[in-house]
Amino acid sequence: MFNPFTDYTLQNVMIGAALIGVISGVLGAFAVLRRESLLGDTLSHAALPGVCIGFMIAGARAMTPIMAGALATGIVAALMVVGLTRHTRLKMDAALATTLSLGFALGVVLLTWIQRQGGAAQAGLDSFLFGQAAATTRADLYPMMGLTGLAIAGVALLWKPLKLMSFDPEFAAVAGLPVHWLNRVLTAMIALAVVTGLQMVGVVLMTAMVVAPGAAARQWCGSLLGMVVMAAAFGATAGISGGLISALAPGLSTGPVVVLVAVSIALVSLLVAPRRGLIPQWWRTRHRRSHTSTDRILQTLYELAREHGDWRYRIEEGAVDAYYGMITEPQLTALADRGLVVSARHMPDEGRHWQLTDAGVAYAGERHSRRDRRAAASR
Amino acid sequence: MMSLAQPTVAILLTGVLVGVSAALLGSFLVLRGNSMLADAISHSILFGIAAAWLVSGQTSGPIQIVGAALSGVLAVYLIETLARTRRLRDDAAIGLVFPALFSIGVLLINVFARDVHLDEHTVLLGEIGFVWLDTVTLGGVEIPRATLALLVVLALDALFVLAFYKSLKLATFDPGLARALGLAPGLIFYVHLALLSGTAVAAFDAVGVVLFITFVVVPPSTAYLLTRRLSSLIGLAMLIAAASAPLGYALAVWLDVSIGGSMALATGPFLAAAYAGRRWRAWRGSGRAQSESPSA
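Chains as they are written, first to last, in the working numbering: chain A, 1 to 379; chain B, 380 to 675.
One chain only, chain B, in its complex shape:
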């Protein structure tokens, strides 16, 4: 029987899946200038995870993922509602909403889940090292439950992006025109964020909710420094995210530290290299010929 449940295989596969699906959705978020919503969503779903656990006694499974993902959508809705009162800027609205939801989540866990395996540190930091312990057998292949969930979520994300690629592109770069063409950019925005929160919930086992945001924003930001084409930006971002998982795993094994943390950290050198490359070109460009635009 083939098995994807060997520790190394399971951990690497899970890490790559988290990175790829996060980078895919994150590309649109970064381009739209809403990166901090990833922060808000990834913190807010702690509330959803705690609430779903309270209701069902489970932290995994499709209903839990959908339920917890709704809290990410709730956070976005609350932020928009607060900002619409015009009493607060949207940055302040973000800064009020997600800490509140996160706090309620931590307190729910504090009060009701003291002795259960759900604790705020695991939710925050993830335990990718244990994903291979909890497996299901599917068509003769033994596969970790978290990995399977991520596969399903990635398939949904990819389906969404492929099916609505043009609308997404237009809604990202020119929401006004998208609205004029009857494309409902607001709806696309909400579906996109709902998928992002679902992906975050599926990923929390692996990298934890706070580290998830690294894969959402860092690879697309890095790719944004290297290319201007949307399709190559997405591809590059997914590639960087996928490469960070094994790199981070090697670092984690070498130093015996948090696997999720070092996978997230491994996206950093890519950003640093892209930044250094741009600075170097700008410096050389300005040194050689003043007429040459440094950002070309």
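Okay, chain A solo, but in the shape it has when bound:
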């Protein structure tokens, strides 16, 4: 297939996408922990009017004024959310949704206004809706690098207070941290992440870049540092692979591809992450259940044998089945595989019988005395 993109363009795409992934992953980790995932949604939709204002002021599609404009309207939107929640009875969700929708409406009006003036299509403003990786130039990368560096430096400087605030906001406030101020800084940094992603992911989908890497990392890591690092790695992976796919397959908007990769990473993490993953957890539950019931059956054999004063007492399989109300053959076979019981014939016309081995007596006796000790301790 003919590849219309030079390696130079691909390089730009990859660097840019990696930057977006890192910055949105790092800040998204905090947003997810603080249950503020949808703040990114509001800030990114509200960035659209800023993009237009930046364009109108600069008179051209220059990255720096556009990003500055987006940042400015993002901050205005954040202030609006705070004002609505603090001074009225509107709740967070309504404040976020009204700000998001009014910001986006203003953006659409400004976008069409620019279009009538002299063609936003030529200016490439349309690409800010869904993102266009191929349009990324080397010059676009510098402000993106600057913002990513700024955000990482900010997180590193404020690491301790941010950590405390994310896990225990009440304690942070009691401990005398300037919680309101830190909230504003964190919101501003999330706005930085959103602004960085405008070019490639677009305003409509940037929200997923804030949520998905953080949500994925949360499944793998219990520590904040691990989570932030992992979210950055996931974000960069999604950005680079999505950016490459859309740059190589003309006609595919970049934002949706990047977002689908990021969401896939999150879903896979949800399923397979070792500790919190749904599949490992299902497997553990199943395993534990089967383990417990084999041990309980062994216990029954042990107690029966002790009752009869004969460690070699042979118990009929049918009796065990009747006692448990189920087919215990798999469990008994499993016990035999572990060398704790052996099957034996008692009388020719009777069914299969089982008896304990020495190892079985020792294992069950050990469990039995442990239970006795526990019972004694609780008494």
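If you are wondering where the hints come from, they were derived from the structure by calculation, not from laboratory data. None of the values given here were measured: they were computed from a predicted structure. Even glycine gets a Cβ: it sits at the ideal position worked out from N, Cα and C. Be careful, since some hints might not be right.
[Claimed, not checked] To give a feel for the contact side, a few chain B residues facing chain A, derived at Cβ under 7 Å:
hint : residue
1    : 474
2    : 546
3    : 596
[Claimed, not checked] Far from chain A, some chain B residues (derived; all Cβ distances over 10 Å):
hint : residue
4    : 434
5    : 531
6    : 536
7    : 552
8    : 563
9    : 595
Place chain B on chain A using the hints.
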């Protein structure tokens, strides 16, 4: 022959219908604290619209509306399923589900609908300016297809709210009690959201899927600042939404900008006025007498 297909009449009527039906259903959403579900639904139905178009080759018609509306219900179901695993909070679940469905929708359009009139910008932003071009004649009245669809949807919405008003009210304010009385608040919730997605699909021609959310959340939020009675909240919200359509249209004609966008934007001044009014009263109240509760 009477005609509702004159451009101005058609555009205004369509805008008012979108606003009124969105505000009617949105009132319950805002009160329940689920406003962001409007965002999720309005983005997710892009997937439904694209899928319905792929299957049938049509973007309008009752089957398309129902089919696309199902994707809104699907989004809500997926969000609830993800949140139920307890591995994610519901805000993160919303933030994962709707961008994914929206992305699939955009890519379907990118790949399969390159040269057809269905493109992601129209779906996103709407083309209310063109609704009068596609008309049907009904009982001697020429009426734009999109407007007719909205009329039907509004009738369904109104029927639902009127028939289940008490249950809806109870399910909104006290889902626990509603459940105890055997009212199935979960079912009411799903029917309500299914109607909301159907309304969003019918409205996408007019204002686009993303601007639809403005009419769902802004007028009810504004009304919520002004009244505490549910019935007057709904009435006020519908009134504000209906007033925003002509205001926005005038702005759009004056500045020559997106009609859907400026109709949505026109709900903003109402919210700003209500907010300013409350702040002013709170400020005066606290200045005059400390004992007076500022939120009274």
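Outcome of the hint check:
1. 474: Since chain A brings a Cβ to about 3 Å from residue 474 (chain B), closer than 7 Å, the hint holds.
2. 546: violated, 22 Å
3. 596: Hint on residue 596 (chain B): holds, closest Cβ of chain A at ~4 Å, below 7 Å.
4. 434: It holds; residue 434 (chain B) is separated from chain A by about 20 Å at its closest Cβ, greater than 10 Å.
5. 531: Label holds. Min Cβ-Cβ 25 Å, cutoff 10 Å.
6. 536: Answer for residue 536 (chain B): holds, closest chain A Cβ roughly 19 Å.
7. 552: Residue 552 (chain B) is indeed farther than 10 Å from all Cβ atoms of chain A, at 14 Å.
8. 563: Fine: 23 Å to the nearest Cβ keeps residue 563 (chain B) off the interface.
9. 595: For residue 595 (chain B), whose nearest Cβ neighbour in chain A is about 8 Å away, the distance does not exceed 10 Å, so it is violated.
Hint violations for this structure: numbers 2, 9, all remaining hints satisfied.
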